[in-house]
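As you go down the protein sequences, you meet chains S and H in turn. Residue numbering for the first sequence follows this note's numbering, beginning at 746 and increasing consecutively. Residue numbering for the second sequence follows this note's numbering, beginning at 3 and increasing consecutively.
Honestly, I wouldn't trust all of these hints.
Just a sample of chain H residues kept apart from chain S, beta carbon distances all over 12 Å, derived [unchecked claim]:
id, residue
1, Ile5
2, Val6
3, Gln93
4, Leu103
5, Val134
6, Val136
7, Ala177
8, Arg186
9, Val226
10, Glu262
11, Asn263
Which stretches of chain H does chain S cover? Using the computed rule of at least three CB atoms under 8 Å from a CB of chain S, they are [what the hints assert, rightly or not]:
id, stretch
12, 140-150
13, 189-200
Quick caveat, the hints were computed from the structure, so don't treat them as lab data. Even for Gly, the Cβ is constructed at its ideal location relative to N, Cα and C.
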Amino acid sequence: MTVTQHRPVTREKAATRKLPGVGRSRRELLAVVALVVVVVVVALISPDMSTTAAFTMTFVLLGQSWNLISGLAGPLALGQAAFFGITDFTILVLRTHGVNQYLGIVVGIVASVLLALIVGLATLRLPGFFFAIASLMVPLIIQAVILYFGFFQVERPFSPEDTPGDFNFNDPFVYLCIAAVFVLVAAVVTMVVKGRRMGRYFQAIRENPRAAEASGVPTFRYKVYAFLIAAVFASLAGTFYSQLTFVFDPLDAFDPTVSVQALVVTLVGGAGTVLGPVLGGVIIIPLTQLARTYLFQLPGLDQIAYAVLLLAVALWFPRGAYPTVARALRNRKERRCG
Amino acid sequence: MSIVVNGILIGALWAVLGLGKQLILGVLRFVNFAHASFALIGMYVLYVLWNATGINPFILVVPVAVILGLLGLAIERPLIRPLVARGQRAQMIATLALLTLIQALLNLGFGAAGRTTPSDLTTSGTTLLPGVFVTWSSLLVFGFALVAFGVVWLLLNRTTFGLQVLATSQRRDSAVYCGINVRRVYGLAFALTIALAGLVGALYAIGTPVTPTSATPLLVLMFVVPILGGLGSIPGVLIGGVIVGILQGLTTSFLPPQLENAIIYLIFVLVLMVRPQGVLGNAALLTERST
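With the rest of the complex left out, here is chain H (with noise of 0.2 Å):
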């Protein structure tokens, strides 16, 4: 029962992450592996705000995801926007590059070391049922990780930007014949979900050692995530989220903790070959469509 429960809160979290990648994989279909090193850049920033201010990490997230919104915005142009029209192939090559760029470059910055930015949240905690203990921490990852999908789940369904993405990721040629600035929408989403990512990131390092290396099962689950709810589905996304986070309680529970990376790894290889569409997913977008 605590497994589920924790499973439960953690999976927010990834749901956050895979929510990011969904968006720019299954609306706008870009393929960006150094999604998870987005991530990696938040889990760092978060870490050097926090040595500069001493500020409650968890206030500090915000500043976080903000600062990496403006990060994503600014690398769209030259970056990005080039590879859209370029297919698949050059989107996966080119963002393989960023990814052990943006690692290599940490590394240089940082350090092989871990990082850690405290909190005594992570240890203190409250009984939420009958035998099952959650920390704070995890309750406030699990609440931001609510927040951050409704604002979310709002801003595609009820703003004219919502609209517009919708409305490109169905048919770009169309969108632009109905005024859409394409690229427009295409930056500001690019940036939500670098914005999302630094996030994720920077709520995942709370507490948490972190070393150049730490994005490594993030590279994965954001991949796990929106294939397992099924591309193209927001809701998708909650369920992939929360499979992944029972999976990775019960089998650190049940398995040696240095295989529990390897174990969703290979849930993730299994779940390909099996059912590549995912629960809620549109078997038509996997096939095509590059650009």
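This is chain S alone, in the form it adopts within the complex (with noise of 0.2 Å):
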């Protein structure tokens, strides 16, 4: 038998300022930790896998970005691609201008907060379905209007006198470490949202929005919160996409593929929890970049791999690889014990 037993919360214990479950994510992030440094470390042993890591890296950033306001704060959000994509598009833009990166990245964040803010205030209050639409339609505007103004390609320009004052690396390993720290850096950001009143109300409004707008949840503000947080997250991603290639091309950056993999990275590991995009990324970027590299020459073989990765989760793992493996230990150890 195995019945979930909720445990008891004592008197003063619901009434200091730790809520339950707090604890599991602070695990969570001593996992995220593990994961992170073992990537580094294998990256370190094999320098020929530091691109690769640091592509995984950038996509757990996009999935932590899903998860925040997907995973966690409830509305179904399949445009992620958007703040990824004006990022990445501010960034190179303003380098082939001589803009020093510093300076682009930080703009390239600013307009992606920006964006996120107009159409948080004009979506959020759509009821889920409709949301979900709307903020599929988001990349595909912005990607209309880039291609009207003429970017095409947006090759990112090589010359000899890059340093590191302009956040240039010639090594990917480089790349990898900064990212690492900034998906520990959103980890952190996520356990803390979690465990905080903001997450209280993100779970309310995502086990049912009416109800928490009934009790007195301010469910768009704080929608509004999650959507913006999000889109740092994306634009983290973008960040370390726009180094990582060399060339920016709007129908891939801002196509729904890209939100497919946030979806993917996400929902595999397990959305609503820290480590969820972690662990998913860990898995799926390093097997599809390797497999499209060795294994065949096909083009666009990891998209198909992402489609049927997300279909089979969706159909048959809709809960992901954590919280499934999380609850078999569990019941494991409840039946031991008891």
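Since each chain comes alone in its own frame, lean on the hints to assemble the complex.
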């Protein structure tokens, strides 16, 4: 018999600011640190893997972005590519005009947050399915506008005087390390948000928006907050993507495939958890990258892999790897104790 | 005037696209993002058939619709049926995956280059009203769209199947108690919508180069049309289709062509914000009922 038992919450425990479930998030954070360290060490041992590892961290960030808005707060966002792409685009366009890249990154993130503010204020009031469609449209609108202004491809310029003072490192390993730090930051932010009042509000909104609204949760405002934080994470992903690829193509950067990637990474690992996107990213991205490089030379194979994975997860494992494994372990423990 | 007439003609095609969407979304409450990619499959099936036989593409659109209908029947059981009970969220995620999967597979099979099924009817035409020139092909497309619309309307309003669909859409459980094979209704209705999507794709593809990204504007249109017309309302899609057709004509004649789709997306987002229930819509359909 496997009956999930609710742990009794004593009065003084409930009264403290520590909310139930925080301990679990902290353990997840430890697992995140462990995974990130493993990835960095692997790249350190075999430098060939550095680029793959850096891409992994990039898409973990993108996954964490989707996780925050859709896994924690609830609304199904299908257009995280918009924030990813706009930062990528801004950085590279400014770079071709000779602007210092640190400034470019800041401008890119600010642009993405502003975009998220506009889009969020306009669409987050819509009920579930309508928000999903509207968010799916956003990257397509931006893509059309950027194409209209004639940016078919923006190449990343190279010059011999590229220095770290311009956020320029010739070694993908350095990007990997910086991205790894941001992955940790994102995980900490997610954990903190989850453990605080905001996280409780998110949970209420996710489980039942109407009931949350009725019990006084400012649902709209908190959904906008989640959307803004998620936009920052997606921008960070876009930042590293702009450095790791050599060309920006609006048809790629704003494609629904990018948004799909955010979903895959998170859903495979487990949505709504701190560990989920990291676990999912570390499982999936190296596999598809390596398969693309070494096994098949087919165009778009990774897209097919992502789509099949997402379909499989949505059909058969809606909970994702981490919650499934964690639950199995907990059940075993309970059986042994009881 | 020319814009309005041509808008109405192309609008009928969008109305058929919206009709399929309306059936699946408004009536069966299944969110299918992959709908547009079935239109894309229709475009390529038409190209392949035309390449193999060389028959006039306007005749070939009928077998295309049949093939797509069979495809719909084939994938309904493994893919769609498990999702019906899962709720909108899982449906949206899974069909988004299906959308990118179909696009990537077609890209793999046909490459990114445009494939055109030509027809000399796309350039020649007639003067319908003083100063209004329409091509034969747009008239034919209009005719096909009307016929498809009429057939579906008859199917829904004059047959037992239509009655079963109506019953299922109103209350699934009660429909089961009345002895309706609800799964069969879902399956056939899904296949019907896919056949319609294939028909629209094939008609759209005649004379237009088709690439794996050709379906992206349709992805948007298929939501715009039913929502403009009103979710759950079959006559509404006609209105929605015509509105979209005319708007498209206006934007292409007054704005640069690259922005055409952007404007439609924008109008759509505005409609969602201002009047999400559409022109003839039932506001109650919006909020709930994920199953």
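Verification of the supplied hints:
no.	hint	in the structure
1	Ile5	21 Å, holds
2	Val6	25 Å, holds
3	Gln93	8 Å, violated
4	Leu103	3 Å, violated
5	Val134	29 Å, holds
6	Val136	28 Å, holds
7	Ala177	23 Å, holds
8	Arg186	21 Å, holds
9	Val226	9 Å, violated
10	Glu262	8 Å, violated
11	Asn263	5 Å, violated
12	140-150	violated (count 0)
13	189-200	violated (count 0)
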